[in-house]
Amino acid sequence: KDAWNGDIQYSTSGPGYNLKSLGKDKKEGGTSFDKDLYSDESVGAEE
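Going letter by letter, the sequence shown gives residues 6 to 52 in my numbering.
In short, the hints are calculated from the structure, not lab data. Where a beta carbon is used, it is the ideal one built from N, C-alpha and C, also for glycine. Take these hints with a grain of salt, some might be off.
Straight-line alpha carbon distances no greater than 27 Å define the calculated DSSO-like cross-link-like pairs of lysine-lysine that follow [unchecked claim]:
#	residue 1	residue 2
1	Lys32	Lys6
2	Lys29	Lys40
3	Lys6	Lys31
4	Lys6	Lys29
5	Lys40	Lys25
6	Lys6	Lys25
7	Lys6	Lys40
Ranges between beta-carbon positions, derived for each pair [to be verified]:
#	residue 1	residue 2	range
8	Asn10	Glu33	17 to 25 Å
9	Glu33	Lys6	15 to 23 Å
10	Thr17	Ser37	23 to 31 Å
11	Lys6	Gly35	15 to 23 Å
12	Asp39	Gly19	25 to 33 Å
13	Asp41	Thr17	17 to 25 Å
14	Leu42	Thr17	24 to 32 Å
Sequences and hints are given; from them, build the entire structure.
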């Protein structure tokens, strides 16, 4: 769960994975606390 008790979305991308939170409003997009948060690179992917 994220800081607003919303689900953290998990997706695979090649050898790694990505995490995403929709923010406080739980909707795509937004600003400030409503802004989507996501990993900016595949976690666990080897370079």
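Structure-based check of each hint:
1. Lys32 - Lys6: Holds, at roughly 15 Å.
2. Lys29 - Lys40: Distance of about 8 Å is within 27 Å: holds.
3. Lys6 - Lys31: 12 Å, holds
4. Lys6 - Lys29: Holds, because 12 Å separates the two Cα atoms, which is no more than 27 Å.
5. Lys40 - Lys25: Between Lys40 and Lys25 the Cα gap is close to 11 Å, so the pair holds against 27 Å.
6. Lys6 - Lys25: The given pair, whose Cα atoms are some 11 Å apart, holds under the 27 Å limit.
7. Lys6 - Lys40: 16 Å, holds
8. Asn10 - Glu33: 17 to 25 Å: 18 Å, holds
9. Glu33 - Lys6: 15 to 23 Å: 19 Å, holds
10. Thr17 - Ser37: 23 to 31 Å: 30 Å, holds
11. Lys6 - Gly35: 15 to 23 Å: This hint holds: roughly 18 Å between Cβ atoms.
12. Asp39 - Gly19: 25 to 33 Å: 30 Å, holds
13. Asp41 - Thr17: 17 to 25 Å: 19 Å, holds
14. Leu42 - Thr17: 24 to 32 Å: With Cβ atoms ~19 Å apart, the hint is violated.
Of the hints listed earlier, the one the structure fails to meet is number 14.
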